[in-house]
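Colleague: Build the complex from these two chains, which are given one at a time in their own frames, with help from the hints.
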Amino acid sequence: MILPLLLSDVAHAKGILRTEVAQAVAGRPFLAAVEVRMDPHWHVYWQNPGDSGVPTTVEWKAPKGWKVEPLGYPVPKRFAPGGIAAYGYEGSVVFLAWVTPSARAGVLSAKAKWLVCRDACFPGGANVSQQVRVGKSVRASGAERVQLRGALRDLPVESTWPAKAWLGKKDVGLEIKPSGALPRGTAHFFPLESGIIDQGKDAVATLRSGSVVFKMSVSPFPESRSRLRGLLVAPKGTKWPGGRTALIVDARLEKGDPR
Amino acid sequence: MTSLIALAILATGTQELHASAALGAAAPSFSLPSVEGKNVGLADYKGKFVVLEWTNKDCPFVKKHYAGGSMQATQAKAKEMGAVWLSICSSAPGKQGYMAADEYKGYIKASKVAATSVLLDPDGKVGKLYNAKTTPQIVVIDTKGTMIYNGAIDDKPDPDPASLKGAKNYALNALTEAMAGKEVSVATSRPYGCSVKYKD
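Chains F and Z, in that order, give the protein sequences. Its first residue numbered 1, the first sequence is counted upward by one per residue in my numbering. Its first residue numbered 1, the second sequence is counted upward by one per residue in my numbering.
Chain Z extracted, bound-state conformation (with noise of 0.2 Å):
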């Protein structure tokens, strides 16, 4: 039984290093267990609309967008939209974000995420996939599965809080277009925050 995970394992480890992310392609597939322990990737969630957040809740910048509840908000109208709301955290373990899944149940109570589910993936591999670079970094994938958006969260590349005001959020941006039929008006830009913090 053990070395049947292990082979699994494997096998999905292989698949993702010959796929990546590009815009305007198939998002590649994934699979990261949940806080909750429980396996969840793109396959779950066929014919929707998808945001990947990429966090860590010690970074300055990610913190800007929580500390408020704007980050909250924007999750919640995601959903309202019908979207589903995948946060990731990519920390390393010992590195600045890592927390194990019963840790990290207990800052989503308290700090309110208001994700669809948030994953773990501490060997960074589906953050290299996506090339998730910063936190906040956002990816948007439409209900065809294709990538329809990666780079940052809105257009203020600045910790202060008061950039909030009167920033274009960019995940809500490609979701609102991409449901109204249009193409997405800003389907990439630099993300900005902190490093991912993978492992070295």
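Here chain F stands alone, though its shape is the one from the complex (with noise of 0.2 Å):
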């Protein structure tokens, strides 16, 4: 059991439960989310929150009889506070999911944890719900509309340029060959998982045409793995062609020295 406190959604963060719709139909998806927002300057989690820190999760709880496909977690943002890095998001981030319904009205509920930090750091999370109405027709909620389409559209997507990737004795290397008419300046990658490389340094690589090389350090804290997984971040206020913002980039890690 966690302690009342650890679960008090007062601390520096809060849980908002969204759909986009006031009414659903039977059978036809809509988006929901929870919003987590914050106090100005405090974070919460990525899904690989960097060398301290903890996942945020979301745990959905819908009717009997409805689906709820939770989609993957929004682009974050890099902090290195004393240098330590974090994989997070500030403001206010919503974690998205298709909720199908069946033709029957009821409850539609997530529970959310989180560690939200700025200079210490709070274990905390929200249990939320709504009341979701089924009928013959879609009645939209407007501005929650705008807003979680939004994110959809902002959510990472795979990525088809080719890439391969080369774990040395103390670099790591990834190599990928984009297309298309590429925006300008330095784009930036982050792991999905830990353990492959040293996180403690921003991994940057200048963009030009034909290939992007990302030289990194091989992290102080190995774990065995097989491919290298993370986001490639366009260059700040840029998106990638097809208009995402990152790209998710998968690819074999070969052992031995770059070449």
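Hints may contain errors.
What the hints assert, rightly or not - Subject to a maximum C-alpha distance of 20 Å in a straight line, what follows is the list of computed PhoX-like cross-link-like pairs (lysine-lysine): (1) F/201 to Z/199; (2) F/201 to Z/48; (3) F/170 to F/255.
Unchecked claim - Covered stretches of chain F (in silico footprint by chain Z; criterion: 3 or more residues with CB under 8 Å from a CB of chain Z, positions within the stretch not fixed): (4) 95 to 105; (5) 120 to 126.
Derived by calculation from the structure, the hints in this document are not laboratory data. Quantities reported herein were computed from a predicted structural model and do not represent experimental measurements. All residues carry an ideal CB built from backbone N, CA and C; glycine is no exception.
Modeller: Put into structure tokens, the structure is as follows:
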């Protein structure tokens, strides 16, 4: 059992349930989300929290006969307070899910858990729920629909660009061969799993057509992995061809030094 | 006299910058003041197993391990096995978990901390030397001075005290295996907890 204090949602972050419909139609999926709102300068974490922290999790519950498909984590930011890397969110973040109701109205609920940090950290969470009506026609919830559809359009998607990675004694390399008109500037790489690259150092690469190469250092806490997966994040304020700010890269991790 | 002391500190500082802790390699030497005002370092415990534990009393993950006596029991067990346990606080002055020596002594007494010694690292040099990222984080050094473990305290990265039950303690695991002449089965793991509160 978690102490009641730990689950209090008054401490620097709160959870809110959002649905894009006021009334849903049986069998027709709609977007729902748990929005986590934080006090200024506080953050919660991505699925790979970085060198400290804990991933934020959302557990959905829906009436029998309904279907809930949680979508992935939104694109995080990298923070490095005191030189320790964290991947997470500031301000507000929404964790989306597609919900397909049956013909029967019911209560949609979610349990979110997070660690919220600034200089100090507090475990927290929220239990949120909402009655969802089911009828003959969809009644949209205007502002929420705009918010959730916007978040959906900005979720990372799988990259189709060829990528290879190698793991040397001290260095880790990642080469991506992009196509299309690339934005200008410096791209970032956020690993989906810890234990490969040294997250304490910002993984950056200058964008140029043909080949983008990240040279990184081996993690001080190496774990045995056969793939390097992570987000290829577009330069600040830009998007990749296709309109996303981050693409999911998945490369086989070859043993040996960069060639 | 004062300038001599300053020189000695400078010399140690330079040495530390060159070394860096790596698994399977010699653990870099260090010397830090204990809360009792004594300088303590690896050189004092040659030929012994040494556990380093990074701590910050106000971090919820550290609290999870101390509130129910779990960390203290681990410290006592390690000492019973013949190891030395050094708790290190790398919180900078003004940051969470920082305490001056006298305040720290009060906390040690009240919380029944069972470490061999508690060391203060307010400038974070030793923490950074050992890649200490979180509290709690554990380093285990064998009798030859080789770093045989660096990572999390256990396999339950969760602030919930209920997660202590059935957790695999990596400090005791490394000590047990190494003392039996075996290779340490888990030599590293992702440290979990609060970030170490280094100075900015």
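Colleague: Would you say the region 120 to 126 of chain F counts as covered by chain Z, given the rule of at least 3 residues with C-beta under 8 Å?
Modeller: Holds, because 4 residues of the region 120 to 126 of chain F bring their Cβ atoms closer than 8 Å to Cβ atoms of chain Z.
Colleague: Does the structure keep residue 201 of chain F and residue 48 of chain Z at a Cα separation of 20 Å or less?
Modeller: 34 Å, violated
Colleague: With a C-beta cutoff of 8 Å, work out whether three or more residues of the region 95 to 105 of chain F approach chain Z closely enough for the coverage to hold.
Modeller: violated (count 0)
Colleague: Next pair to validate is residue 201 of chain F with residue 199 of chain Z; report whether the Cα-Cα distance is within 20 Å.
Modeller: 18 Å, holds
Colleague: Residue 170 of chain F and residue 255 of chain F: Cα distance at most 20 Å?
Modeller: Holds: residue 170 of chain F and residue 255 of chain F sit about 11 Å apart, inside 20 Å.
Taken one by one, the earlier hints fail for this structure at numbers 2 and 4, listed in ascending order.
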